[in-house]
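From first to last, the protein sequence lines are chains G and R.
Whatever position you read off the first sequence (first residue = 1), add 303 for my numbering.
Whatever position you read off the second sequence (first residue = 1), add 2 for my numbering.
No lab work stands behind these hints: they were computed from the structure.
This structure is a prediction, so every number in the text was calculated from the model and none was measured.
Misleading hints may appear alongside valid ones.
Keeping only pairs whose Cα atoms sit at most 25 Å apart, straight-line, the calculated SDA-like set for lysine to any residue is [to be verified]:
(1) G:568 with R:253
(2) G:344 with R:131
(3) G:485 with R:46
(4) R:126 with R:33
(5) R:188 with R:122
(6) R:266 with G:577
(7) G:447 with R:46
(8) R:250 with G:557
(9) G:344 with G:327
(10) R:17 with G:444
(11) G:344 with R:136
(12) G:447 with R:214
(13) R:250 with G:494
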Amino acid sequence: MQIKAEELKFVYGKGSSVSSHALNGVNLLVEEGEFYGIIGKTGSGKSTFIQHINGLLKVQKESGKIVVGEFDLTDKKCNFKNLRKKVGMVFQYPEYQLFAETVFDDVAFGIKNFMPETSSEHTTELVQQALELVGLDYDQIKDKSPFELSGGQKRRVAIAGVIVTKPEVLVLDEPVAGLDPKGKREFLTLLHSLNKSFVKTVIIVSHDMNVISENCTKVAVFKDGKVVLEGSPEQVYGGNDIIEVGLSKPVTQNLIDDLNKVGVKIDSGLSVESFTDSIARVFGGRK
Amino acid sequence: MPILKAENVSFSYDKKTEVLKDVSLEVKRGEYIAIIGHNGSGKSTLARLFNALIVPDFGKVYIDGLDTSIKDNQFKIRENVGVVFQNPDNQLVASIVVDDVAFGPENLGLSREEIGNRIDFALKAVGMESFRKASPERLSGGQKQRIAIAGVLALKPQILVLDESTSMLDPEGRREVLNVVKKLNKENGVTVIAITHYMEEVVDADRVIVVNDGEVAMSGTPEEIFKQKQTLKSYGLELPLASYIAEKLREKGVDIPQTILTEKQLSEALCKLKQKS
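Only chain R is shown next, with the shape it has when bound in the complex (with noise of 0.2 Å):
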C-alpha cells in the first residue's frame, strides 16, 4: 500500500478557480520525492492537503490508508504528516528550544518519560541536541528551520513534508537542512516530499513530481525530467545550472554528454576532454 494517495483531487479556495485540478498521486514508504512547479502552481496547496490542513473538494487523500476527510482521522493523520514551512520565524512558539520540541508530544498526552525520549530523539536527529536551553531567536535561520523540523520529528511522522523550506536560509543553512532531511530519509526510513525552486536540491530525489496550473504535469527519476527541457521551460521552469551550462556547451559544438546534472558531472566530463584532445 502505498504511504500517499491521491485520487483525483480537486481544490478550490473561492470555490471559483480551481486550484488543483483532477490530482491523482502516489508516494511509496521511504521515497524522496521533489516537488516543482511555477509560484502559483498548487505546490503549496497539495501541501496543505496532505495533513488534512485542507480536505479535497473532490477526490480522495489517504495517508497510510486514512482518508483525510474523515474528522476522525486528521488528528492521526497530522500526527503522521509533519508539515516544514518556508519561514523558520513563524514556526517556533517557545522561548526555549527544549519546550518548542516538547509542544507537540506533550498536545499528544504522552508520560513525561515519552516525551523526554522524543525530545532526545528529535534533537539529536537535527544535530541540535547542544542548544536544548537556548532561546531560538538567537539561533541563525539553518538552526530554527532544524529546530522546526525536530518539533515535527518529536510526533515520529512517517512522512516529512518540506514546503520551500529552505528558500529563506543562506547556503549554509540550505545545506544543513538538506542533510538533516536526507539522513532522516536513509537512516529513518522517513518518506520525504520536498516542494522546491532550487534545481539544484531535486536532483538527488528518487522522484521529481512536475505540478503546472494545478495538474501533475510530469512524474520521473531526476534525469528523465531534465531531459525534457522544452517542455520544463513552457511550465516556466528550467534546468539545474550544471544542466544548463552542459546544454549552452553543447549549442556551441563542445562534445557533452545529454546526462549532465550536477556540477561534479559536468566538471569530469570537461576534464575528460582534456585527456582526449
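Chain G extracted, bound-state conformation (with noise of 0.2 Å):
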C-alpha cells in the first residue's frame, strides 16, 4: 500500500482563541516496502502526521487529503475499521499499554476487535504465529501475566497484538526509547524481519539519528508542520540544511564531513558497516 498526503494541514482546537496549527501543508508519499523514517524536532508535527495515516485524526474540512491505499479517507464512505485492520500503530512505550490477565488474552485483542467472526482456533493459531514472529515462545509466555515480563518482552507482546491481525503497513512511535542496547539492536532487526513478511511499510519516527540512518531506506524531515528535507538518509542528512533545521547528523555523517574538510573524500552510506568499509578501502585496511 503506497501512502500519499497532498497538502495535508490540520489544527487543534480549530475555531477556538486557543487554535495551533500542527500540520500547515505536508506533501509526502511512502511507497510500498520503504523502512521509512521521520524525524523533526518535538512540535514539528510529526505525531500529528502519523495519527492521520489510520485515521486516529480525522483530516479536516479543506484541509488537502491523504489516500492509504485504497482507502481515500477524505471520503465519508472511507472505511475506517478495515484501515485500522491494514495499518498497525505503535505509540510510544506501549508496554504500559498492555491490560489484559495474560498475554495470550492481550495479543487476542485485536482479532476481537477487528475480525469477531474468528473460530477460536483461528485466534488461537493467529495469536502463535504473531508471538513467534515477534520472537517469542508461545508456550512458554501465553498464560503468563505481561507486567511479569520484561521492558524488551513487554514491547514485543505490544507489538504481537498488533500485527496479530495481520497489517501491511506497521507505523511505531520511538520505537526503541527506553530499551537496553542489546534489546534495542534485537528490536531493530525484528522490525527489518517484519518489514520482509506481511507488514510490507514500517514507519518510524524516532529522535536518534544514529538509529535512522542505520535502519532507514528513505527519512523525510518535518519542521512547523511541514516536509521539508525529504530523501535517502545519504541525501538528507549529507548537506547543511538538516543542521539549519535545528537536527543533529549522525556520528558516520559527522566523520565523513570532518575527513572531507582535511581533503579525504569517502564516498559511502551512512551505515556502520558502509562507511567501515570505505574508510578501510581508503586507508590500506584489509577487504
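Taking the hints as your guide, dock the two standalone chains into a single complex.
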C-alpha cells in the first residue's frame, strides 16, 4: 500500500481562541516496501501526521488529503475499521498499554476487535504466529501476566498485539526508546524481519539520528508542520540543511564531513558497515 | 567516610526472586557515577534503596553515615538524596512552576524567606528562572525534567540520583538536562548517580558501575570498562557508537587506537591517519 499525503493541514482546537496549527500542508509519498524514517524536533508535527495514517485524527474540511492504499481518508464512505486493520500503530512505550490478565488475551484482543467472526482455533493459531514472529516462545509465555515480563518482552507482546491482524503497514513512534543496547539492536532486527513479512512497509518516528541512518531506506524531515527535506539518509544528512532545521547528523556523517575538511573524500553510505568498508579502502585496511 | 555505602545488600519484591544479591558499593563525595545494566538488571531497585523508598532485606545502605533501615533516619535521608525519575509528566505536582519547586521545602517546614531563597537557587541552577509563573504542562520534556530537578534541588540534597531521567527526552532536552547535571556536579559539588541506557552519557562519568542480574559485575573508569567489550556484551551491553565504529575499523585492518570513546576522539584519529599517509 502506498501512502500519499497532499497539502495536508491540521489545526488543534479549530475555531477556538487557542487553536494551533500542527500541520501546514504536508506533502509526502511513502512507497510500499520502504523502511521509512520520520524525524523533526518536538512539536514539528510528526505525531499529528502519523495519527492521520490510520485515521485516528480525521482530515479536517478543506485541509488537503491523504490516501492509504485503496482508502481515501477524506471520503465520507471510508471504512476506517478496515483501514485500521491494515495499518498497525504502535505508540511510544507501548508496554504501558498492556492490560489483559494473560499475554494470550492481550494479543488476541485485536482479533476480537477487528475479526470477531474468527473461530477460537484460528485465534489460537494467529496469536501463536504473532508471538513467534516477535521472537517469543508461545508455550512459555502465553499464560503469563504481561506485568511479570521484562521491558523488552513487554514491548514485543505489544507489537504482537498489533501485528496479529496482519497489517500491511506498521507505524511506530519511538520504537526503541528506553530499551537497553541489546534490546534495541534485537528490536530493530525484528522490525527488519517484519518488513519482509506480510508487513510490507515500516514507518518509524525517532529522535535518534544514528538509528535512522543505520536502518531507514528513506527519511522525511518535519519542521513547523511541513516536510522540509526528504530522500535517502545520504541525501538528507549529506548537506547542511539538516543543521539549519535544528537537528543533528549521525556519527558516520559527521566523520565523513570531518575527513572531507582535511581533504579526504569518503564516498560511502551512512551505515556503520558501509562507512567502515570505505574507510578501510581509503586507508589501506583489509577488504 | 563515603557519602553512600551499600553493604552486602539483598532485596526481593516478592520474597521469592532476589532482584539484588549481596551488592556492596561505595560512592565518594562529589563523584559522578554512571550505573549501566540491561533491562531488569536491578538498576532502578538500587535507586529506590538509595533514598529509602525501600530498605534491604539483608545488609545495609548508609547515606552520609545514616542507616536507611532506621525509620527516624528516613526523613533526613530523603532530604539528602533526590531522585529524578524517567517520566517528567509523573513528577510535577503543581499547576505553576514556582509552586512545584516550593512543594519540597514547604514540607520541610522552613521559613517563608528560606523557601523563597531555595526556589531562587534551584530555578537558577537549572536555568529556568524566567519560567517561575509558567504552567508545567506547557513546557517541553527537557524543561519539565529541569523543573523536576529543581524541585529536588530545593531540598539541598548532597546526592542526585537520575533514574533514566533523559530517556523520554528529545536530543535537545537530553543535552539541557545533562548540562545542568554536570554543572551541579562540578560547581556545586553535588554527588551524581546516573542510571542510563545511553552509553554516550557514560563516557564523562568519573566511574562506571555495571549491574548484571542483581550483582555488581564491574566497576571502573569509562576507559577501563569499555576496554572489556566481550564481557560487556555478555551482560547485554554495548560500546558507545564511536568505540563500536573504531572496533569495526580495527577489525578491517585500519590503524585506530583502542582507547576511543567519543566521536571527537575518533574523528581526530581518522584525520591523523590522513597526515600519515
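Okay, the hints, checked on the actual structure:
no.: 1; hint: G:568 with R:253; verdict: holds, 22 Å
no.: 2; hint: G:344 with R:131; verdict: holds, 24 Å
no.: 3; hint: G:485 with R:46; verdict: holds, 18 Å
no.: 4; hint: R:126 with R:33; verdict: holds, 22 Å
no.: 5; hint: R:188 with R:122; verdict: holds, 20 Å
no.: 6; hint: R:266 with G:577; verdict: holds, 20 Å
no.: 7; hint: G:447 with R:46; verdict: holds, 23 Å
no.: 8; hint: R:250 with G:557; verdict: holds, 17 Å
no.: 9; hint: G:344 with G:327; verdict: holds, 15 Å
no.: 10; hint: R:17 with G:444; verdict: holds, 22 Å
no.: 11; hint: G:344 with R:136; verdict: holds, 21 Å
no.: 12; hint: G:447 with R:214; verdict: holds, 24 Å
no.: 13; hint: R:250 with G:494; verdict: holds, 24 Å
Checked against the numbered hints given earlier, the structure satisfies every one of them.
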